[in-house]
Amino acid sequence: MAINKKASAGPVKDSASECVAQPASADPSKAVLKTSRRDFLRAGGMLSMSSLMGAGALMAQSDDTKATVEWAEHFQKNYRLMTQKEKNEARLRLEKRYSAEYGKQVSVDTADAQPGVLMGYALNIRKCIGCRRCVHACVEENNQSRGKQRAGEKIEWIQVLRMERGEFSADKMNHGYPDGLGIQVGGNAYTPAGQILEGQYHYEPEAVPEKDATYMPIACMQCEKPPCVKVCPVRTTYREADGPVVIDYNWCIGCRMCMGACPYWARRLNVTNPVLPKEEMNPVTHYLGNRPRMRGVVEKCHWCLQRTRQGRYPACVEVCPVGARKFGNLLDPESEVSLILARKNVFRLKAELNTFPKFFYFYD
Amino acid sequence: MNNFVFHTMILAFCCEMASTAVAADAAPEPAKDTAKEPVVCFESRKGASEITQRDIKPGLPNVKCSPTTGAALWYGDPFEGTVPMGKMPLLDKIPPGHALVKPRSDKLALLPLCSTACHNGVGPSFSPPTLPKDKKPTPIPTMEGLLPDAKDLQHGRGRIWCLDCHHTTKRNMLVDNFGDPVSIDQPQILCGKCHGDKMRDWRDGIHGKRIGEWASNGKKRWFTCTECHNPHNVQDGHRNRGFVQLQPEPPPQLPKGMKDAKFEKTHPIPH
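Here the protein sequences come in this chain order: A and B. Residue numbering for the first sequence follows my numbering, beginning at 1 and increasing consecutively. Residue numbering for the second sequence follows my numbering, beginning at 365 and increasing consecutively.
None of these hints come from the bench; they were simulated from the model. A portion of the hints provided could be inaccurate.
[Claimed, not checked] Simulated restraints on C-beta separations:
hint, chain 1, residue 1, chain 2, residue 2, range
1, B, D470, A, E352, 45 to 53 Å
2, B, L454, A, V346, 57 to 65 Å
3, A, G116, B, K457, 15 to 23 Å
Every residue gets a Cβ at the ideal spot worked out from N, C-alpha and C, and that includes glycine.
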């Protein structure tokens with residue numbers, strides 16, 4: 001159900017969004033499609049149901065929410081195509097609605113990428129103790145759904161993988177499959193030592209780190225060549241100029257193509273109406289970041305855009321008790337991530353897929 | 365004066381301080397549920413530093429604490445309780461007021477008394493006052509009562525002793541390689557004299573932790589070495605790891621239809 005550019009026969013009304021080029025530039029303000037959503041709808045026969053799936057998901061919410069969601073919101077342009085004026089309007093509209101909904105003053109930031117900044121992240125995998133504080137800091141910061149009743153109501157963006165240290169034993173040396181002469185699979189084959197990507201997420205010991213385990217947190221890698229961006233049929237997920245891959249939630253149709261394309265299991269779909277108690281809601285939000293999401297849209301880590309665009313470290317970096325998480329500007333040779341890349345042994349997860357993550361693992 | 369009398373005297377001197385120290389240790393227990401009691405959470409190492417929750421503005425707290433473990437889970441105000449780090453060699457490029465630390469001295473109950481009640485600079489305040497002649501390990505039963513870690517000092521595995529770190533005559537201060545006193549709020553200068561590699565990484569923000577503004581010249585709170593490491597037992601005894609164990613936060617929600625997490629442990633692999 002990709003947007004067919006040729007279908008946009010209608011005249012482009014908004015001169016500010018007029019641009020002949022395909023979005024080749026990483027700078028979203030320069031990368032503007034010729035088609036506006038209104039034109040597309042008009043050309044596509046106005047109320048073709050499939051193109052309204054996103055709005056449909058929105059409208060399936062509970063009654064009072066539905067009433068407060070203004071019609072204008074359904075028909076606003078993709079964030080990338082909005083003029084500054086339209087962004088301001090959208091921002092005010094959302095601030096008003098969220099403030100009423102959550103009973104406190106909510107701000108919706110629309111700060112753009114700063115020139116000269118390319119965000120990068122490094123995680124010291126030797127220091128991680130698997131305490132999951134980052135996971136929960138992320139939830140506190142980013143307004144994820146935190147229900148407990150139904151499956152899928154609790155959303156976490158960071159997963160911490162526990163890996164067994166594994167044991168090799170002398171007893172198994174001369175055994176295996178097939179037993180006897182000509183063993184093809186050695187008896188020590190199934191020891192999990194150092195095994196990546198087949199571990200446990202639900203470990204619950206009294207204290208971490210456990211003696212026989214190592215831990216590996218995984219979240220969105222903010223790839224330079226993100227497969228999720230390539231597959232998004234509505235182009236609502238894209239790479240911002242300062243690095244993070246973001247989502248304009250209003251345009252997400254919940255098709256889950258991106259979830260299938262992501263090799264890092266980083267994306268989550270709101271299968272239920274998000275459960276976000278008023279008192280737990282973080283009122284400092286960004287349009288492309290942690291503003292409350294609706295049912296039927298995909299979300300994921302965006303390096304706390306609402307913080308990092310204002311100069312603050314991401315929430316996970318700040319709570320890590322062992323200081324394993326590092327964040328900074330890859331273009332600044334003095335930043336901690338640049339120094340790590342210069343000095344430490346680093347690797348990218350699944351580098352063979354050529355996704356070029358800006359999230360690095362390192363050890364010292 | 366025989367040994368016994370000597371020790372009893374010191375103990376009598378110090379028992380009041382000891383009880384304050386114990387009280388301070390008990391404080392960081394997670395205070396939750398009860399609406400009235402202030403919510404206090406610990407930061408990196410349990411018992412090393414805490415924050416009390418309050419509202420910066422309505423609906424926006426300075427810190428959020430974990431109801432499960434009592435750990436700090438989210439910082440609204442990263443600079444609460446901090447003071448300027450003070451002069452640090454090779455960190456002079458940082459704009460003034462941009463390097464902050466939480467002072468350690470506030471946390472140390474024994475510290476204000478060390479150099480007044482017992483050690484006055486010429487030796488214990490008894491006659492005749494004597495200072496140790498060398499830095500070699502000697503049994504100090506009095507200190508063991510106040511500081512259990514002193515009994516079998518783990519740090520250095522028998523190769524270092526009190527006065528490698530504590531100043532001989534100014535006992536409420538640490539000591540650098542030249543024998544000059546170092547503030548207890550700047551343990552990095554002390555630790556750096558033996559752990560140069562870690563010191564370098566810490567200075568560059570690679571070892572340890574900094575919170576606040578991420579820009580390399582931004583305003584940051586730096587965690588000092590002793591906020592994460594217990595200087596008297598850095599390797600956590602027989603565990604032999606540089607960081608103490610913590611209770612983990614709760615696991616994620618189980619996948620649909622699963623009653624427990626046993627499925628994670630069964631990975632049948634065909635030959």
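Results for each hint:
no.	hint	verdict
1	B/D470 <-> A/E352: 45 to 53 Å	holds (51 Å)
2	B/L454 <-> A/V346: 57 to 65 Å	violated (24 Å)
3	A/G116 <-> B/K457: 15 to 23 Å	holds (19 Å)
Hint violations for this structure: number 2 only, all remaining hints satisfied.
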